[in-house]
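A.B. asks: Protein sequences, first through last, are from chains U and W. Those letters in the first sequence? Residues 2 to 116, by the working numbering. Those letters in the second sequence? Residues 554 to 1117, by the working numbering.
Covered stretches of chain U, going by a simulated chain W footprint (3 or more residues, C-beta under 8 Å):
id, stretch
1, 16-24
2, 50-57
3, 60-68
4, 72-84
Read the hints as simulated data drawn from the structure, not as lab findings. Ideal placement from N, C-alpha and C gives every residue a C-beta, glycine not left out.
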Amino acid sequence: MKAEMKEYMGMGIILIAAMAFFYFILGLAGMVSVLGIFLLFIAPMHLILDNFELSRDEKMIFSFFIGVGVFPSLAYWIGMLISFKAAIIISFVILIIAGFLIRRHLNKDMGKEHA
Amino acid sequence: MKINKRYLEAAVFIAVYLFILYLWTLPFQGNQMPYGEFDAISHWGLADFIEQTDRTFIYLPPFLDNLYGGDNQFKPHTLWYHPPFHTDLAIISAFAPGRVVPIFLTNAIFATAIIISIFFVIRNLYGFLPAVLSSLLLGFSLRDIMPYLWGQWPERFGYAFIPLALYCFYAYYTTYTKENNKPIYLYLAGILLAVQLMIHPLSFFHSLVGIFVLGIALLLKTRKLPLNWKHIGITAALFLILFAVFPYQSGNVIKSFTQDSKREHEYPSLSRLFNWAPDPKDFTGSVPESYFSFRQMHGLWTLPFLLIGILFLAIRRENRDIFLLAWLISLYLILHRDFIGKFFFLHRSLSATAHIFVPITVIGALSIPSLIKLPGNYGRFLKYGAAILAVALAFVYNFPQAQSTLEAAYASPLARLNPAQLEASEWLKGNLNENQNVSIIGPPWQIMQKADWMASFSHRTSFFFEGFLTWKTFNENREETVKYHLLNDYIVFDYSDIALLPDKGLAEELMDTLRKRNSLAIALLPDKSYNGMAELWLEFEKQNMGNHALLYNNKNIRVYKHEG
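Okay, chain U solo, but in the shape it has when bound (with noise of 0.2 Å):
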């Protein structure tokens, strides 16, 4: 648990320090792209691929370019039926979903293998 404290905290600390990098150079729009880019595309498929045996460093970078295919097809057919804007929202919170239900499919196979 303090471990992935620490890698949540070193995270943080990376994307602050992007954020305020881009705030210097680009403005308000380039702190908050680099903050959706986090938040949209890395975070949720993060939170999925958290759940499988792979490196820190691993997690991080194929979350990423993971995260720019699954969430934007996503986006596009939700936002066939319902506003873009919404179907963002919608797209964020069904990956965040399935990252908590595969962490716990997976949770309950490991009981089943202790027990």
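Dock chain W against the given chain U, drawing on the hints supplied.
C.D. replies: Here is chain W on its own, set in the frame of chain U:
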């Protein structure tokens, strides 16, 4: 206080990456008007349209259909690329304020993602120093910077997936035993390949060839074949599920790949086997000759280190060395696919050379101490010395070119929309229906990207008219022109660039461009000046628009409704 080595390494890499991003965002730091060639216009317009209209679509909106309606050969009038790349840009554009910076910054991060993936892969295989040096040098790669500026946006991002897909395959292959294996890496390879296909198909095929070559090389080296049908089946299923998400675009990939085109029958001579780059003459007019030159793109100083690196890897042949060599061989095969009749986008694959040349160059430089027997710590000093030398050479030879290219990109006010054109575009967007046509009479064709940028900014179809005035064909073909082009159009007369011309420097710059391109317009202009063109437009406006409704008149731009 003791600092954790891992955190220190992460901090150094982030500093390097932010420095590279600072460089790559130079074109829109001072001037936040959009820029780029026709590809950039379509990529930006597509993402911006989704964000501004707050909806996604199957069939192209008219302003895009006008230019790209036939590009999807499987299902015409739908998106020619898979939607995720542009939807990504639209998502960030919806999240952050402004129409320009969020899209351009997201694209800059995507285009430099290769630096992240190279750092990740090289660090895991060779350690921190080669990884961070490779990242830094790659940030100055002109073969990456030039297509990024021209507007080949999805393709730039697609290349960043190649090392990752290869890495996942390699991690699965090299750790595989019957009792103990890590199928997650194979599953990730399948997912990454599918996402890569959605970003840009060209780089996907490159990954496939890379995996094939790496598989053969590892099979020869390790003499084991990790054939597990369950793992392969799950990977294939994951790939196919993602492949099926966008059937029209996936169908287009299959149709484009299997089609027979005219150029594909022009087979090269055998001498080309000894060249990496295709013949620049085949691409005259579309890509500058310097793009094909190793000296101008990579710098001749890298060549000895690159050759030492290849030799070092070939002699040592550890699994990780096989990884890099297989990637290099796959690039060679991809760049010579014209031998099997696949000529399409050949020059585009050349833009992936730095991604493998740079890490091998760095490994070559750092391997020198291990080739010489030295006592004590001298080998270590020499290794750091080689690293410092490589950085110094990169800053002396590669950095200035990269910086000046990025800084000077589209710096002329004639190369980007001016505030008057932006306001007029906003007006068109707010006052006209999506399917109404706009004809723009104004900027000379040498800077006709402006008309397309106006179409992109207004999301309204734009036909560009300049030629029929300067070439005096209007009077001869009046009825036809009115019937097919002007009837019921909205006609925009744009004199806003002429307003810039009291600045003689700009006028000269434009006339220089016209002269360099041997413009026909120059020969036909009454007084051979840019103002001469303006006179033609003004005369046309006076003679032909008097009876039509003037709807917009602001800052040297006028919009009329041309009624039959």
